[in-house]
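K.L.:
Spelled out from the first residue to the last, the chains are:
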Amino acid sequence: MDKPERLHRPDPERNAPNRSAVSFMRDAGNGARADEKAHANGSDPGEDVLAHGVKLGYSVIDDQIRRGERLAERLRHGATKPAASPSVELSHLLERALNVYKDMGALALNAAEALARSPVLHSGLSRAWPGGAGEEHARSPGAGSRFSIELDSSRKTHVEIDLRPTLGTGVPLVHVLHAVNPAHPPLSGAHFTLEPNASAPVLHISIPDAQPAATYSGVIVDGGTNQPCGTLSVRILA
Amino acid sequence: MKHSRAPSVVRETLDEYGSITREAMKSYFPAGEPRQHLYDLLSDYPSRGGKMMRSSLCIATARAFGANLEDTLCSAVAIELMHNALLIHDDIEDESEQRRDRPTLHILHGVPLAVNAGDALTLLSMRPLFDNLERIGPRIGYTIVRETERMAWESTEGQATELGWRRDNCLGLSDADYLVMVLKKTCWLAAIHPSRVGAIIATRDNIDLDPFIRFGFFLGAAFQIQDDVLNLIPDDDYGKEVNGDIFEGKRTLMLNHVFRCLDPRERAQLSDLMDPSRALRTEEQVAWIRGLMDDCGSIQYARGISHALAGAALHEYSRIYEGLPDSRDKQFIEGLATWIFHRS
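These protein sequence lines map, in sequence, to chains A and B.
This note's numbering puts the first residue of the first sequence at 404, with every later residue one more than the last.
This note's numbering puts the first residue of the second sequence at 342, with every later residue one more than the last.
For the record, the hints were derived by calculation from the structure and aren't laboratory data.
It is possible that part of the hints are untrue.
Said to hold, decoys possible - Lysine-lysine pairs mimicking DSBU-like chemistry, simulated, CA-CA at most 35 Å apart: (1) B:K367 with B:K392; (2) B:K591 with B:K392; (3) B:K591 with A:K458; (4) B:K367 with B:K591; (5) A:K458 with B:K392.
Whole structure, please, built from the sequences with the hints as guidance.
P.N.:
Here you go:
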């Protein structure tokens, strides 16, 4: 009698773990319609989707990057289009260079002003130069912001002052104050004095009777360095 | 990098950078009047939390390239303010009812005030960019302003495309159509812009920025598709209404896939349901569409695409960051590609 054939398990479909992303998916419906199509094609729907996703993604983004590059190129050409004549183009270039120079100059001034106003720098310098120089610095009106105002006016007058401490040792100077209306004469009667026995400088403002009612504004500078250290605004009421 | 660790380093980094950015953001909210009609509205969405992924990506990219956190903070705050501004407008345009587990701003205060608050938050997002000019210098600060302008335009174009599809009842859209829309509407703000800005700050704009477009696109698109999937099969912490995208008629990868799978009669039926001139879609109609997605395997399909794009993101990540010293920030960025599937 023949021995019956030994039963054995069929060979496994795979001999390595299935790392396909599809295996991570939770069961969300059996996708019957999709499976029908895929099995009709004889393909693995999971792998097809992954390959399609990667290919599609690169196709989309590379196309978008190329479009962006073409647009940037067009914009660059537009911005650097040659002018009607060489002299006009040269004039444009000079104007642009001048604007850059002015901007850099303004930036440098802003940086210097910020440094000059730094309290850390103030205390460092006063430690670095003790004695005579320091004392002068302490006496100078520029070192602090206390002062008195002496107003000589027959009309109601508002005064606004913004004065910042400076490293300079000069008495603050008030430049002529101007109104918006060019027809109004400037106001030149504002000045600081340092009285011998006074602890702080005195700002004298003298308003002529005939001065038109308006707001007059101007810059205050340090008398020693001519660096701006504040603003003064005088509003004369009618 | 062990992917099993990915969610924890991502969560920790999001927590840390998120709370630093939130704290810095607070100083930008004005405290004056009108509070009840404007300033309280501005701080509403930012105070509701959120993942802070965008700002964290900006900070992490900058630090991975060697910058310090302080130099990046203004840009990170600007990104979050802009993101919240767009969320306010998005919720109005989508007629959404919930955001981060609470009623949307226009449900609470009405559409006119919400629109105005969105406008104000957009303006407010410029202030940190001006502060940048002092912190990191005018040249780099200006470059970041230009980058922000570009990102805003891309987002606007993407939103217009999506809204236009809904208004015009466009169906039969291809996967490529969807991805171009998502690139503009989502990926620029979510991933491309934050990583470009981080790289600009750290390298003083001495780096090729195009690879960040690829990386950010793959990461952002995977993120968005997964977001769309979560809307249909939510986790416990999902903060928006389930199936809300179907109610809104949003043209997701799943909806487009369903349309392609249907026979002509069903296509006509779906097209009729999606017509915006109809009254609101009923629960039964939404359930029918949802059932079609199951029958056609659309959710599985979308997940597959999302996984594929996440894989491509990891490939692009290695091309950009491979040469940098190993750091927690590098691990965070790499981890994002897998975190988007585990986040909750």
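K.L.:
All the hints need checking, so say for each whether the structure fits it.
P.N.:
Cross-check of the supplied hints:
1. B:K367 with B:K392: Answer holds: K367 (chain B) to K392 (chain B) is near 17 Å, not above 35 Å.
2. B:K591 with B:K392: At roughly 23 Å apart (the allowed maximum being 35 Å), K392 (chain B) and K591 (chain B) satisfy the hint.
3. B:K591 with A:K458: holds (25 Å)
4. B:K367 with B:K591: The given pair, whose Cα atoms are some 33 Å apart, holds under the 35 Å limit.
5. A:K458 with B:K392: Holds. K458 (chain A) to K392 (chain B) sits at ~30 Å (cutoff 35 Å).
Checked against the numbered hints listed earlier, the structure breaks none of them; every hint is satisfied.
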